[in-house]
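J.: Sequence:
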Amino acid sequence: METLILLAEHEKFETKRLILRKVERSDAQDILEYASDENFAKNAGFKVVEDLEAMKLDIVNFFMKNRLTIYGIVEKTTQKLIGSIDLRVRGEGAVFGWSIHPDYWGRGLMPEAASCLRDFVFNQLKLQVLTASHFVGNYQSGRVMEKIGMKKLGQIYDDYAGEYLLADYYALTREEYLNQI
Numbered sequence: 001m002e003t004l005i006l007l008a009e010h011e012k013f014e015t016k017r018l019i020l021r022k023v024e025r026s027d028a029q030d031i032l033e034y035a036s037d038e039n040f041a042k043n044a045g046f047k048v049v050e051d052l053e054a055m056k057l058d059i060v061n062f063f064m065k066n067r068l069t070i071y072g073i074v075e076k077t078t079q080k081l082i083g084s085i086d087l088r089v090r091g092e093g094a095v096f097g098w099s100i101h102p103d104y105w106g107r108g109l110m111p112e113a114a115s116c117l118r119d120f121v122f123n124q125l126k127l128q129v130l131t132a133s134h135f136v137g138n139y140q141s142g143r144v145m146e147k148i149g150m151k152k153l154g155q156i157y158d159d160y161a162g163e164y165l166l167a168d169y170y171a172l173t174r175e176e177y178l179n180q181i
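Mapping to the numbering used here: the sequence shown position 141 is 141, numbers consecutive.
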């Protein structure tokens, strides 16, 4: 129960260049800009969304339904929502997932957002392990995982938009995290 309270109390995080906050229906157009991109959808494991009303419904069914654990990634200078990051707490651990607009790839923004929530996982929530996976073709996500201190443990088959694909599996334990800082 304490974990849920801490998640509820932390509706917003700030980094040097980003604001992590709850996603609202008013963000639909920003999300549609990248969710309608076939290359993005493939890398993120999503189905392409091309309709604004469908996106608003997706926001209600996915983002708002999971408000405690999903944050929109907003670029401070433009106030534009450019991606999302989620943190699914499971017992003494958490699972990361993220996506970012292709126009923002390669700028170090996702490691910045992920580092912020990684620190929250270990310093505030006091969880024991953080895990993440990416399908084998999405090497950019693997680089983010490595940049925030996660180690590749192996491969598994995982569900990406209804298709089982080979995925690289990463983890970072609390002990490893504390030894890194």
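Warning: the hint list may mix true and false statements.
In the PhoX-like style, the derived pairs of lysine-lysine whose C-alpha atoms are separated by at most 25 Å in a straight line are [unchecked claim]:
hint : residue 1 : residue 2
1    : Lys126    : Lys22
2    : Lys42     : Lys80
3    : Lys47     : Lys80
4    : Lys76     : Lys56
5    : Lys76     : Lys22
6    : Lys47     : Lys16
7    : Lys16     : Lys76
8    : Lys12     : Lys80
9    : Lys42     : Lys12
10   : Lys147    : Lys76
11   : Lys12     : Lys22
12   : Lys126    : Lys12
13   : Lys16     : Lys80
Simulated from the structure, these hints should not be mistaken for laboratory data. All values reported here derive from a predicted model rather than from experimental measurement.
J.: The structure should be examined with respect to each hint, and the outcome stated for every one.
T.: Hint check:
1. Lys126 - Lys22: Holds, at about 22 Å.
2. Lys42 - Lys80: OK: Lys42 and Lys80 at ~22 Å, within 25 Å.
3. Lys47 - Lys80: Within the cut-off at roughly 22 Å; holds.
4. Lys76 - Lys56: Since the Cα atoms of Lys76 and Lys56 sit roughly 23 Å apart, the hinted pair holds (cutoff 25 Å).
5. Lys76 - Lys22: Roughly 15 Å separates the two Cα atoms, so the pair holds.
6. Lys47 - Lys16: The given pair, whose Cα atoms are some 31 Å apart, is violated under the 25 Å limit.
7. Lys16 - Lys76: holds (8 Å)
8. Lys12 - Lys80: holds (15 Å)
9. Lys42 - Lys12: This hinted pair is violated, its Cα atoms lying about 28 Å apart.
10. Lys147 - Lys76: Roughly 22 Å separates the two Cα atoms, so the pair holds.
11. Lys12 - Lys22: Holds - the C-alpha atoms of Lys22 and Lys12 are around 7 Å apart, at most 25 Å.
12. Lys126 - Lys12: holds (18 Å)
13. Lys16 - Lys80: Answer holds: Lys16 to Lys80 is near 15 Å, not above 25 Å.
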